[in-house]
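Undergrad: Listed below are the residues making up each chain.
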Amino acid sequence: MTGSALIIAAVFVAGFVGIAIYDIATSRRRKEKYRFGTVATAYLMLIPALVLAFLFVLLPILYSLGYAFTDYNLLKPNNIKYVGFDQFKKVFEEIGEKGTLYHALINTLVFVVGVVPLQIGLALLLALFVNKPLKGSKIFKVCFFAPVVISLSVTSFLWLQILSPSESGLLNSLLGIFGAEPHDWLRDPATAMPCIIVLSAWQGCGYQMLIFLSGLTNIRQELYEAASLDGAGAWRKFTLVTWPGLRSTFIYIIITVFIGACRILTQPMLMTGYQNHTVTLSYYMYQQGYSYRHVGYSSAVALLMTIVIGTVTLIQRRAFREKN
Amino acid sequence: MKKQLYEDLPNFKRNKTPVKKTVGQIIYIIVGTILSLIFLFPIIYMLATSTKSESAYAASAGSLAMFLPDFANLGEAAKNYGNVFSNYGIWRYAVNSFTYAAIVIVLNILVNGLAGYVMAKLRFPGKRFLSFMIIFLIVVPVETSIIPLYSIVKIMLGLKNTMSVLGVILPATISIFNVFLFMQFFGNIPQEYEEAARIDGANTLGVFFKVILPLSKPIVATVAVFCFIGVWNDYLWPSMILPYASEGQWPLYPIQSALTTIQSIQGITTGEIMASLIVTSIPIFVIYVLAQKYIVQGFGTAGLKM
Numbered sequence: 107m108t109g110s111a112l113i114i115a116a117v118f119v120a121g122f123v124g125i126a127i128y129d130i131a132t133s134r135r136r137k138e139k140y141r142f143g144t145v146a147t148a149y150l151m152l153i154p155a156l157v158l159a160f161l162f163v164l165l166p167i168l169y170s171l172g173y174a175f176t177d178y179n180l181l182k183p184n185n186i187k188y189v190g191f192d193q194f195k196k197v198f199e200e201i202g203e204k205g206t207l208y209h210a211l212i213n214t215l216v217f218v219v220g221v222v223p224l225q226i227g228l229a230l231l232l233a234l235f236v237n238k239p240l241k242g243s244k245i246f247k248v249c250f251f252a253p254v255v256i257s258l259s260v261t262s263f264l265w266l267q268i269l270s271p272s273e274s275g276l277l278n279s280l281l282g283i284f285g286a287e288p289h290d291w292l293r294d295p296a297t298a299m300p301c302i303i304v305l306s307a308w309q310g311c312g313y314q315m316l317i318f319l320s321g322l323t324n325i326r327q328e329l330y331e332a333a334s335l336d337g338a339g340a341w342r343k344f345t346l347v348t349w350p351g352l353r354s355t356f357i358y359i360i361i362t363v364f365i366g367a368c369r370i371l372t373q374p375m376l377m378t379g380y381q382n383h384t385v386t387l388s389y390y391m392y393q394q395g396y397s398y399r400h401v402g403y404s405s406a407v408a409l410l411m412t413i414v415i416g417t418v419t420l421i422q423r424r425a426f427r428e429k430n
Numbered sequence: 007m008k009k010q011l012y013e014d015l016p017n018f019k020r021n022k023t024p025v026k027k028t029v030g031q032i033i034y035i036i037v038g039t040i041l042s043l044i045f046l047f048p049i050i051y052m053l054a055t056s057t058k059s060e061s062a063y064a065a066s067a068g069s070l071a072m073f074l075p076d077f078a079n080l081g082e083a084a085k086n087y088g089n090v091f092s093n094y095g096i097w098r099y100a101v102n103s104f105t106y107a108a109i110v111i112v113l114n115i116l117v118n119g120l121a122g123y124v125m126a127k128l129r130f131p132g133k134r135f136l137s138f139m140i141i142f143l144i145v146v147p148v149e150t151s152i153i154p155l156y157s158i159v160k161i162m163l164g165l166k167n168t169m170s171v172l173g174v175i176l177p178a179t180i181s182i183f184n185v186f187l188f189m190q191f192f193g194n195i196p197q198e199y200e201e202a203a204r205i206d207g208a209n210t211l212g213v214f215f216k217v218i219l220p221l222s223k224p225i226v227a228t229v230a231v232f233c234f235i236g237v238w239n240d241y242l243w244p245s246m247i248l249p250y251a252s253e254g255q256w257p258l259y260p261i262q263s264a265l266t267t268i269q270s271i272q273g274i275t276t277g278e279i280m281a282s283l284i285v286t287s288i289p290i291f292v293i294y295v296l297a298q299k300y301i302v303q304g305f306g307t308a309g310l311k312m
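Chains as they are written, first to last, in this note's numbering: chain A, 107 to 430; chain B, 7 to 312.
Do not rely on the hints blindly, as some may be mistaken.
[As the list claims (entries may be wrong)] As a list, the in silico EDC-like pairs of lysine to aspartate or glutamate whose alpha-carbon atoms are at most 16 Å apart:
#, chain 1, residue 1, chain 2, residue 2
1, A, 204, A, 177
2, B, 216, B, 198
3, B, 133, A, 129
4, A, 187, A, 199
5, B, 127, B, 198
6, B, 160, B, 198
7, B, 133, A, 138
8, B, 127, A, 138
9, B, 216, B, 201
[As the list claims (entries may be wrong)] From chain B, some residues computed to sit far from chain A (all C-beta separations above 10 Å):
#, residue
10, 34
11, 87
12, 132
13, 198
14, 202
15, 205
16, 224
17, 271
I should point out that these hints are in silico values taken from the structure, not numbers from a laboratory. We put the beta carbon where it would ideally sit given N, CA and C, even for glycine.
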């Protein structure tokens, strides 16, 4: 392991030195002059960032690519064998046999399809509501934003109590007023993911609301006045002025919420544990790589996920850009 | 002439009579209050429950009292919070978190600030290689590199026992995106400031600390605030790499990691759980109130990532 890290380091140092020598060689032609003192200070000041970035940013990225083609097991760090595409074969077998990975895939898909429209829709509605120049809007803005302040783990534990299966749990006791039987919301496969979707949207949408709001304040007021002059109603103002004005904000929000949703991990991990009906892709990778120590296999899943998410993000970007 | 024009405009900004406006305002307040209650009910429930004993909590089930503090027995509230602090020792974990956050903030600003300064202001061979790497590392989306990171910290660097604290701190001190932010911000500082300081005999490091950093308070504050929120709210990574001394003892845990262990203590009451959740959330709440300006700026810079 240390050996491979040293090789990667050597490659990067060589690349850097190569370009540096090229820079020095062409410096006269580019009329650029390097002063020895400045260059030495520059390198010295860069060293901490370079070392840390190499160890904790670049190396993990390269390793997560490389491990996918090995049988790396955390318990045997000195015995890593190259196994080609075996891990990927195992991934597709696991999906084909409807194993845990299959459930993780479906659950993540359900979560993304549920939470992205819900969270963004809520955020947009709240932003439009708070954007009204009426009394109280500032207080409402703070109220809608409040859940964002709470961390994901606190949110998970709080909702664990709210959704508690006992009769005295908040949701069960409130539904009990109408005569409903206590329900185990998080253990029932039919209700667990919807609950996690709702609480995630609740926790997150205040953040996107603020971003939508800053997008709304950038829309020039004259456009609305001009639309009023033309006799446009509220809906036509929204479709003709607000929506086009929010387009770039919307692209940003949809991509960030999508990527964030694909990575969901904390809520199922803290609320239900490793269960087929709530396991997600990130949770599966964590469990395989960390708890079961199969780093190679886990990295193969991560690599496939990176490819899928990257492709979908690119498609989203293209789709929205073409309309412009 | 101008007034004439205004008079002629149909329905322009004058279609709302005062009465209509008042009705609109009232409806707005009502709808807003209902929406706010829907958003706040879990938080109100959390606050209310943290003041209750287990029996008072069970008694309030299914009634409005679930959302009201137990005013009759305020001693229970003191007991819940007291237990969270003394029996479950949450203050110790809070001190850990504050320490980690303080170190990370200082190092993060130093390391990334220095790199950003060099990239923005100094000329040196090989700069294009680093610029390319910065853009590359920001653009490339990576799904969870947490497990390779774990193997680097644990196996390659061998950070075990107390040393694993370094594993919590060091990866959090480097952020390519912050280097990029600093680079952008420093690049806009006019050269004259630096030259003036150099004439006064300051060296490059002196210029950075005495001229560049003081002129960059907004970006420094934004980075500091986001560092704090990041370190305070992180629970998975510290839980993975920090050891436990013996069963039920996690002397190095930050508060969010400790929270996951406190939840599973035998015999903890719902009120105490809620109290621990509130204590954990208070510092972040205070940061949001105090540093609103910088957090909103942070949203602005987040857009740069695109």
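Undergrad: Far enough from chain A: is every CB of that chain over 10 Å from the CB of residue 132 (chain B)?
TA: violated (3 Å)
Undergrad: For residue 198 (chain B), is the shortest beta carbon distance to chain A beyond 10 Å?
TA: Residue 198 (chain B) is indeed farther than 10 Å from all Cβ atoms of chain A, at 18 Å.
Undergrad: Against chain A, does residue 34 (chain B) hold up as non-interface, every C-beta pair farther apart than 10 Å?
TA: At about 5 Å from chain A, residue 34 (chain B) fails to clear the 10 Å cut-off, so the statement is violated.
Undergrad: Is residue 133 (chain B) within 16 Å of residue 138 (chain A), Cα to Cα?
TA: Distance of about 13 Å is within 16 Å: holds.
Undergrad: Beyond 10 Å on every Cβ pair: is that true for residue 271 (chain B) relative to chain A?
TA: Consistent with the label, residue 271 (chain B) stays out of reach of chain A, its closest Cβ about 13 Å off (over 10 Å).
Undergrad: Between residue 160 (chain B) and residue 198 (chain B), does the CA-CA distance stay at or below 16 Å?
TA: Given that 16 Å is the threshold and the Cα spacing comes to 47 Å, the pair is violated.
Undergrad: So is residue 205 (chain B) really clear of chain A, every C-beta pair being over 10 Å apart?
TA: Given that every Cβ of chain A is farther than 10 Å from that of residue 205 (chain B), nearest at about 16 Å, it holds.
Undergrad: Beyond 10 Å from chain A, beta-carbon-wise, is residue 202 (chain B)?
TA: Given a closest Cβ separation of 18 Å, the condition holds.
Undergrad: Quick check for students: does the CB of residue 87 (chain B) sit more than 10 Å from each CB in chain A?
TA: holds (16 Å)
Undergrad: Is residue 127 (chain B) close enough to residue 198 (chain B), meaning Cα to Cα at most 16 Å?
TA: With a Cα-Cα distance of about 12 Å, the restraint between residue 127 (chain B) and residue 198 (chain B) holds, given a limit of 16 Å.
Undergrad: Straight-line Cα separation of residue 133 (chain B) and residue 129 (chain A) no greater than 16 Å?
TA: holds (9 Å)
Undergrad: Between residue 216 (chain B) and residue 201 (chain B), does the CA-CA distance stay at or below 16 Å?
TA: Holds: residue 216 (chain B) and residue 201 (chain B) sit about 12 Å apart, inside 16 Å.
Checked against the numbered hints above, the structure violates hints 1, 4, 6, 10, 12; every other hint is satisfied.
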